[in-house]
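K.L.:
Make the full structure from the sequences, and use the hints.
Residue numbers (UniProt numbering), protein chains in the order written: chain A, 1 to 294; chain B, 1 to 225.
A couple of the hints might just be wrong.
Not close to chain B: a few residues of chain A, all C-beta gaps over 10 Å, as computed [to be verified]:
1) Thr235
2) Gly243
3) Ala253
4) Asp278
5) Val281
Incomplete in silico selection of chain A near chain B, CB under 8 Å [unchecked claim]:
6) Ser63
7) Val71
8) Thr100
9) Tyr191
Since the hints were made in silico from the structure, they are not lab data.
Every residue gets a Cβ at the ideal spot worked out from N, C-alpha and C, and that includes glycine.
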Amino acid sequence: MRKTKNLLFLLLAFIVAATGLAGCSSSSADSTESGGSEVSANGTARTLEEIKESGNITIGVFSDKKPFGYVDENGDYQGYDIYFGNRIAEDLGVEVEYVTVDAASRVEYLETAKVDIILANFTVTEERAEKVDFALPYMKVSLGVVSPDHAIITDVEELNGKTLIVAKGTTADIYFTENHPEIELLKFDQYSDAYGALLDGRGDSFSTDNTEVLAWAIENGGYTVGIDTLGDLDTIAPAVQKGNTELLDWLNAEIKTLGEEQFFHKNFEETLAPAYGDAAVADNIVVEGGVVEE
Amino acid sequence: MQDLGISILFQGRNFVRLLEGLWVTINISLISVSISILLGIILGMVMTIKNPVITIFTKFYLEFVRVMPQLVLLFLVYFGLTRAFNINLSGELSSIIVFSLWGTAEMGDLVRGALISIPKHQYESGMSLGLTKLQVYQYVIIPQTVRRLLPLALNLVTRMIKTTSLIVLIGVVEVVKVGQQIIESSRLTDPNASLWIYGTIFFLYFLICYPLSLLATRLERKWKN
Numbered sequence: 001m002r003k004t005k006n007l008l009f010l011l012l013a014f015i016v017a018a019t020g021l022a023g024c025s026s027s028s029a030d031s032t033e034s035g036g037s038e039v040s041a042n043g044t045a046r047t048l049e050e051i052k053e054s055g056n057i058t059i060g061v062f063s064d065k066k067p068f069g070y071v072d073e074n075g076d077y078q079g080y081d082i083y084f085g086n087r088i089a090e091d092l093g094v095e096v097e098y099v100t101v102d103a104a105s106r107v108e109y110l111e112t113a114k115v116d117i118i119l120a121n122f123t124v125t126e127e128r129a130e131k132v133d134f135a136l137p138y139m140k141v142s143l144g145v146v147s148p149d150h151a152i153i154t155d156v157e158e159l160n161g162k163t164l165i166v167a168k169g170t171t172a173d174i175y176f177t178e179n180h181p182e183i184e185l186l187k188f189d190q191y192s193d194a195y196g197a198l199l200d201g202r203g204d205s206f207s208t209d210n211t212e213v214l215a216w217a218i219e220n221g222g223y224t225v226g227i228d229t230l231g232d233l234d235t236i237a238p239a240v241q242k243g244n245t246e247l248l249d250w251l252n253a254e255i256k257t258l259g260e261e262q263f264f265h266k267n268f269e270e271t272l273a274p275a276y277g278d279a280a281v282a283d284n285i286v287v288e289g290g291v292v293e294e
Numbered sequence: 001m002q003d004l005g006i007s008i009l010f011q012g013r014n015f016v017r018l019l020e021g022l023w024v025t026i027n028i029s030l031i032s033v034s035i036s037i038l039l040g041i042i043l044g045m046v047m048t049i050k051n052p053v054i055t056i057f058t059k060f061y062l063e064f065v066r067v068m069p070q071l072v073l074l075f076l077v078y079f080g081l082t083r084a085f086n087i088n089l090s091g092e093l094s095s096i097i098v099f100s101l102w103g104t105a106e107m108g109d110l111v112r113g114a115l116i117s118i119p120k121h122q123y124e125s126g127m128s129l130g131l132t133k134l135q136v137y138q139y140v141i142i143p144q145t146v147r148r149l150l151p152l153a154l155n156l157v158t159r160m161i162k163t164t165s166l167i168v169l170i171g172v173v174e175v176v177k178v179g180q181q182i183i184e185s186s187r188l189t190d191p192n193a194s195l196w197i198y199g200t201i202f203f204l205y206f207l208i209c210y211p212l213s214l215l216a217t218r219l220e221r222k223w224k225n
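P.N.:
See below:
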């Protein structure tokens, strides 16, 4: 009888302790935050004024897509998108809070006002533009396909009967689903898992933005970007919730101003050049002042 | 000696970050489990009431939670509540709500099962000894119910801890996501990073879940008769 009472007492103590711990706990590391602290209390995006008043801007980024958005060994966000995000916050005079997003739910994060801006390598498409408002572009890309050296894919036709790895909700996913339904796609939620699958040989090749596969092939010996330009030339731009014109106008003005000081070339040198080496030229990737020069 | 890749764990704050991620996992699990135990006990007792309205309601709740994948529930709460009712919840809070809803349903069913498994003559014997209804529950029913319930409840706790890995998909950076971040940031320097990182995550989950599983097995064996 006493044992049972002790057990019940222990159970009660566990519940009280757990609830107490939960109340006291707070996330310490930059990379272990999921947002929600300074975002809108409802589904409506915050205006520019509200962001300034709160002293905090929430930006949705990738945390596993080096060299564009990733978390370093010290738990700090780094990369091309982060470099830009830091500057946005600096020019707004606010603190920045990065929220980790995955490719498939970027639109959802904006539509439900979980973040103020998405800077997660977001390719501008007509379909997405119906749901979110894109600012001026800061990068240009097309699709690329990376494959192992012993079986390089140099043409889309060679993918017939083979498995192509893609990240869910990316431009590559949409492009191959619409234009090449005969190609078998192996889809992953996380970029790190998609690359892991390629390294493990679970697919014959992997497709995403050519800038990304180019950087990855340089970092990983034994892999080559056999198709470096596929589909149309696309642009990458910041996105805000549909109808948030005040923030959109500010972003457009900011991108134009940054263009005057060649900000994105500096960004390239700081974040992308170490990853690409001589394999990429800034002018082939960077867009200054929102003006795309083909 | 060749570097086998384990050094990745000790670069910068990598190992500390994994532990911080683990704390997020444990924290969400602990709160969800606590709420589930409290509400589950109440629900289980309610489920034993022979009332058609209560039976229909509890059965619907139980089946709805069981049929619906946790990931769908997570998206419904995290994104759906904002869309439908303009209620913007953080990823952590959404996770706690979902796992509490799921845990309460499962726990309630376990409590109901434990209560109805007590033979009717146990109640009658207690009453015939002159015990009040409260005393019958306190000295006869609850001790037996706890014995039947605890091992099953502990197994549910381990299931809940493991299932929290889904919260990565609503932006909560827990131990699995931290692992993915470490793997990604060290692609060039450590090609074997994924083996060590996922291996460490496996070990961390094992450290938490195995003692609970062991305790459940021991209690089951001890209280079998």
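K.L.:
For each hint, tell me whether it holds in the structure or not.
P.N.:
Hint-by-hint comparison with the structure:
1. Annotated as non-interface, Thr235(A) keeps its C-beta farther than 10 Å from every C-beta of chain B; the closest such distance is 24 Å.
2. Distance to chain B confirms Gly243(A) as a non-interface residue, since its nearest Cβ pair spans about 15 Å, more than 10 Å.
3. Against the 10 Å criterion, Ala253(A) stays outside the reach of chain B, whose nearest CB is about 28 Å from its own CB.
4. Look at Asp278(A): its CB is around 16 Å from the nearest CB on chain B, clear of 10 Å, so calling it non-interface holds up.
5. For Val281(A), the requirement that its beta carbon stay farther than 10 Å from each beta carbon of chain B is met, with the minimum near 21 Å.
6. With 8 Å as the threshold, the beta carbon of Ser63(A) comes within range of chain B, its nearest partner Cβ sitting at about 5 Å, so the hint holds.
7. A hinted interface residue such as Val71(A) counts as satisfied when its beta carbon comes closer than 8 Å to some beta carbon of chain B; here the least separation is about 4 Å, so the hint holds.
8. Hint status for Thr100(A) relative to chain B: holds, with the closest Cβ pair at about 5 Å, below 8 Å.
9. A cut of 8 Å between beta carbons decides the hint on Tyr191(A): the least distance to chain B is about 7 Å, and the hint holds.
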